[in-house]
Amino acid sequence: MESITNSIQGVPLNHYILFCAILFSIGVMGVLIRRNAIVIFMSVELMLNAVNLLLTAFSVHHGDASGQVFVFFVMALAAAEVAVGLAIIVMIYRNTSSTDINVLNRLKW
Amino acid sequence: MDVIITISLLAILVLYLGLFKAAKALLPVTLVGLLVALGLTFNHWDLANNTKSIFSGMLLFNNFSVAFSALAIISTFLILMLSKDYFERISANVAEYYTIILFALTGIIIIASYHNLSMLFIGIEIMSVSLYILTGIKKRDYASNEAALKYFLMGAFSTGFLLFGITLLYGASGSFDLTEIRNYVASSEEISPIFYAGILLSIIGLCFKAGAAPFHFWTPDVYEGAPTLITAFMSTVVKTAVFAAFLRLFYISLSSVTLQEFWVPVLVVLASLSLLIGNITAVYQQHFKRMLAYSSISHVGYLLFALIALSSASDSAVFLYAAAYTIASIIAFAALMVVQKQVGNDSFDNFNGLGRKNPLLALTLTISMLSLAGIPLTAGFIGKFMMFTGALSTYHTALTVFAVLNAIVGVFYYLRVVVAMYFKDAERNELAVPVYFKIVLVVSTLATIIIGVYPGFIADLI
Amino acid sequence: MNLFYFIAFLSIFFSLLVIFSKNPVYSVLYLIVTFFTLTIHYILLNAQFLAIVNFIVYMGAIMVLFLFVLMLLNLNEDSEPMKSNLIKVAGVVAGMCLLVTLVGSFRALGDSDPLILKNPEIGLVKNLGKVLFDEFLLPFEISSILLLSAMVGAVLLAKKDPKKI
Amino acid sequence: MIDFVWLVPLFPLIGFLIIGLGRNILPKAVAGFIGSLTVLLSFAVSIAIFVQLESSAVKTHIVPLFDWIRAGNLLVPFSFQVDPLSALMLLIVTGIGFLIHVYSTGYMHHDAGFSKFFSYLNLFIFFMLLLVLGSNYIVMFIGWEGVGLCSYLLIGFWYTNSAYASAAKKAFIMNRIGDLGFLIGVFLIFATFGSLEFAQVFPQAANLAPNNPFLILITILLFIGATGKSAQIPLFTWLPDAMAGPTPVSALIHAATMVTAGIYMIARSNILFTLAPLTLEIVAIIGIATALLAATIAVTQTDIKKVLAYSTVSQLGYMFLALGVGAYTGAMFHVLTHAFFKALLFLGAGSVIHAMSNEQDMRAMGGLKKKLPITFITMLIGTIAISGIPPFSGFFSKDEILAHTYQHSKTLWVLGVIGAMFTAFYMFRMLFLTFYNKFRGTHEQEHHLHESPKSMTIPLIVLAALSVVGGFIGIPHILGGHHWLSQFLAPVFYQSSVRTGALTLDHQTEFLLMGVSVAGAVIAALIAFVKYSKNNHVPLADNVDRGTLARLSYHKYYIDEIYDFAISKPLNFLSGFFYRVVDKAAIDGVVQGLGRATTEASKGLRLLQSGNIGFYIFMMVAGIVALLLYGFYNI
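Chains as they are written, first to last, in the numbering used here: chain G, 1 to 109; chain B, 110 to 571; chain Z, 572 to 736; chain V, 737 to 1371.
Treat the hints as calculated values from the structure; they're not laboratory data.
Think about it this way: if two alpha-carbon atoms lie no more than 30 Å apart in a straight line, the pair counts; the simulated DSSO-like pairs of lysine-lysine are: (1) B/K161 - Z/K701; (2) B/K193 - Z/K730; (3) V/K1339 - B/K450; (4) V/K905 - B/K466.
The shape of chain G in the complex, shown without the other chains (with noise of 0.2 Å):
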C-alpha cells in the first residue's frame, strides 16, 4: 500500500483540480448532446463523480477527514436520485415507449 500511495507523491494538487474540471466538463458535454434520458443521467453521475474525487483530494491535502465523509454523503444521495430518477424514466416510458427528451416538449411558452 505504502508504495502506491507514494506514486502520488509530487502530483500537484492544481492537477487534480484540472483533472477534475476535465471530467466534469465531459460530463456536462455528455448532458448537452445526447438525446436519451438515461445516458444523460449517467453523464450527471460523471459530473457527481468528478467532484467527488476532487473533494477526497482536498481532504487529503488538507490531512482532514470531513472531506471523504462528505463524499461518503454525495454517493448515498447519488443512490437515492438514481432510484428515483430510474423510476421516473421507467414512468415515461410506460406512457410514451420512449426516453428521448425531445419528444417530451408539450409544456412550454
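Following the hints, complete the assembly by docking chains B, Z and V onto the known chain G.
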C-alpha cells in the same frame, strides 16, 4: 432538532396509517402533527438570540431558523388543508403523498437551520428528491410526467454545480462549517481563487433551486405540469426555504467586504434578469397557473435584493417578503384549484364573472393579486418596500428604479384576473368552494391585510 | 507520480467514450470502467474506505441498476435517436467553454503545492468511522430520511397501477 | 380634538366595511344613509379640528398611531399630520364628499349596484383622507395608490359597457406611469435625507443650497407623479375618458378631490420645489400649456361631461401655473374654489343628464331653463364663478394666480388671460346650448323632463352658495380684505415665502390686471351669448342652418362672419387638431405603444421557453460560462 424528529416521525406514522387503510385519519393526523411541530418550533424562541450551534456545529436553531421553520410549517399546514379529496382523485396511494410532503418539509427545516454545508446539501437533496417524486405523482398524466423528467434532469444537473461549489469552498477553507469558513475569509491574507469560483458555483446551484434567471427554465414548465397542490408547495415553501439557505450562507460566511464586492454584481445581474424575464414573459400568458409561474421568477428577483443589500436587516426583509408572497400565493393557488376542478381549465376567460357568482373567492383572490403586485396596505407592499429601501441604502439606485418599473409591469398581469372577475361578464354557475378552502382563503387574506397594515409584529420577529 | 497521469488519462478516455458511444449499453459499460479508474484514484489517495464504497455502491449497485433499466426498456442502438451534428458540435463547444472558464477561474494552470499525504490514516475505515459517528452523526442519520423518501417515491412511481383510476 | 384626528378616516372605513359586507342584505336607503352619515361625521370632526387649529398657537401637530415599518435605520410611523394645509383639505374632502354622497342617493337610486357604489365611494374618501393626513410620503403614497384604485373601480363601475372598462384601464395605466415617478422620487428622498417624515425632510431640505441636482431630480420625479394624478401634459388624456363613470364620481374624484392630489403634494413639498427653480419653471410651463390645450379642446366638445372634463384639466393647469410661479396659497385657494364650482357644475350636469334620461349630447338639449329651474340657476352661478366674474369665488382665486403670474412673467400672464377667456367662452357656450332656446331632443325625452329630487337639488344649492361666497376668505388687500386664507396657510409656506417674497405690484397695476381679466371673461361670455343663444347656433356636424342665418340683421351677420373667419374657423381647427392629434394620436398612441411593446416583448421572450430540455440546459450552461468569465476577470 425535536422539530425535525417530530416531522419525520409524523411522516412515518402517516405511512403506516396508509398501510392500515386509515384513509380518513391521514389529513387530521398530519395537520395535528404539524401543529405540534409548530409548537415545538416556537419553543426554541430565544429572546436573547444567542443560540449556540448544536450537534458539533451541524445545526444552529436560532430565531432566524425558528421564524423560517414556522413560516414553512404554517404554509404547509395551509396547503395541506387544500388537499382534502385532492390526492384521492389522482391515485390510490394517498398516504405516501403526505409522507413525501412531510419528508420534503423536514429537508426544508434542515436548510433553514443548517450550520454546516453538509447539512445544507443533504437538506436540499431531501427536498429536491421529494419534489421530483411529487411532481410526477399524476402517473398517467403526460404533463406531469414531462414536468417530473424536466425537473429531475435539470435538478440533478444543477446539483452537480452546487456540489462543485461546496467542494471548492471546502478546498479553499478546509471546512464545511459556516463559522470556520468565515474565519478562513477573515484570517487569510489572500483568498484562494478557487474560493471565489466556489462562491460562483454555489450561487448557480442555489439560484437554480430558487428559480432565478437564467437558471429558471424549469420553473414554468414544471409548475404547469405538476399537480396544482404541489406547485403551490414548490412555489411558496420551497422558494422561501432556498432563500433562507441562501441568506444564511452569505450572511454568516461570505459577508466580508471584499467578498461582497465580488458577488454583489453577480446577484445584481441575476436579479435584473429574473425581474425582466419573469415580468415581461408573464404579460402574454393566457393561463393563470403559468402566469403565476413566471411571476414567481420575478419574485425571486425581488428577493435577491435582500442579498444584494446584505445587512442585519436582510433577515427580516426576506422573511417579510417571503411571508407576504407565500400567503398571497396560497390564496391564488387555492382559487386556481377551485376553478381547475370545476371548469377544467385555468385560462383567464374562466375567471370571467366570478366577482358576481363567488364574491368571497373573488375578493380574496383580488387581495392576493394586489399583494403580489405590491399595492399599499397589503403585505406585498411592505415586502417590496423593505427590499427597495434596503437596495437604496446600499446605493443600488439604478437597480431599484429598474425594479420599480418592473413592478409596474407586474401590476398589469396581476390585475388581468381581477379585471376578468369583475369587469367581464360570463354566463356561469357558482363554483362550490369547500369549507376547508374558505378557511384557508379567509385566514390568508386576513394575514395579508394585517401584515400590510401592521407589519411591525412580524418584521420585529428576527 | 506517472501512475496518476496514466490513470487520469484512462479516466478521461473512457468518460469520452461514455458520451460518444452510440449504444447506451456500451455507455454504461464504459462508465463502469471509468468508475473503476476512479476507484484506483481513491486508492492512490489512500482513501480506502471510499475506494471500497465506490466499488460496491457505484460500480456494483448503481451501474447495475442503470444497466437493468436499459435492458428492461430494451433500448439499443436503433432506438436511440441522435441529435443533429450541429447540436453535437454546439454541445462540445459549450462544454469546452465551460472547461476553459472553470480552469481559468480556478487559476489551476499555475504552480501549486504538491499534494502530500499529511496524514495517511484519514482515509482508513477506522478513522472515518470515528469522524462519521461523532462529528457527522446528525447528517448520517438525516441521510436515512433521504433514502427512505427516495425508496417510497421510487416504488410509488415505478409501480404499475393496477387499473386506471 | 386634534388628537382624535384618526376618527376622520375611520368613519368612512367603517362605512365601507358595513356597506361592503352587507351589500346584499342592506336595503338601498340604509346603505345610502350609512354612507352619507359616516362622511358627515368625518366632516363634523374635521370642523372641530379646524376650529381648534385656528385658535391654537401651535400650527403643526403630529398624531402618531403606530410604528408601521421598521427596518434597519428606517422608521416609517403610521402617523397623521394636522396643520392648516391638511385641515383645509380635510374640510374640502369631507364637506364636498358629504354633499356628493347625499346627491348620489338620488342620482344612483335606480342603479342595481347602489350599495357597491356607496362602499367604493366611502373607500375613496378613506384613502383620500389618508393622502392628505399622512405625515410622511409613505402614508401619502398609500392614499395616492388607494384613490387611484378606487377611481379605477368607479370609472369602470358600469363595466358591462366595454368602452367604460377600457377607459378605466387607460386611467389606470396613465396613473401608474405617474406613480412610478412619484415612487422613485420618494425613494430618492429617502436616499438623500434618510427619512420620509415631512417634519424631518423639509427642515433638512431648507438648509440645502438652491439648485441642488438631487433636489431638481426629486422634484421633477414628484412632478411626474403629479401630472399623472392631476391630468397634466402629457398624462391628461385619461381624465376626459374617465367621464365614463357615474356623474357623482366625476364630481367627487375627477373634479373636486383626487385630481387635486398632485397640487396638494407639491404644495406640501413646497420647500423642495422652491429650492429647485428649474422644476418650478417646468411646472409653470406645463401648467399653462395644459390650461390652454384643454381649453381649446373644450370649445368644440358636444358631450356636456367632456366639456367639464377638459375644463377641469384646464383649471388644474391654472393651479400648476400658480405653483410654478410660487403662488402656493393661490394654488390652494383655487383648489378650494374650484372644488366648489366644479363639483357644482358636474352635479348640475348630472341633474341634466338625469332629467334627459342619460342623454349627454348637448345638441339634443336646449331650452331646459324652464323645466329645470333650480339646476339652471345653480349652474349659472357655477358658470359665472368659473369664468372669474366678480364677486363670485372663481374671480378671487384666478385673480390671485394671474397677479402672481404677471409678476413672474408677462408672457405667461397674457397666455393665462387668453385661457381665462376661453374658459368663459366654452362654459357659457355649454350653458346656452343646454338651457336656452328650444328643446332639440326627442318627444319622449321632452315628456320625461323633470326637475331632480330634493336629495340632488339641495347639494346643488349648497354648492352654489359656496361658489358665491367661497372667494371671500381670500379677498386681497387692495379690495379691502386681508386675505384670511393666506394668513391661515402662512405657516405651511413660511420657508418658501421667505425665499420668494411677497407680491409687490402697485395698486394701479393690480386693478388693471383685474380689469383686463374680467373684461376678457365678459367679452368671451358675450360672444358665446351672441353665437349660441341669440343666433341659436347649434354645433351640428357640418351644415349651418342657412334659413336661420338669413333672418338675421345685416349687422349681426357681419359680426358673425368676422367671428367665423377670424376666430371660429381657426379655433375649431385648432381644437379639432389638439383633440385628434395631440390627445388621441400622440399621447394615447405612445401609451398604447408602450403597452404593445411590452406585449410584443413578452411574445418574443416566451419563445425562449421552447419546451426542450436540451435547449434549457444549453442556456443554463451559457449562463454559467458567462458567470465564470466574470469570475475569471474579477478574482
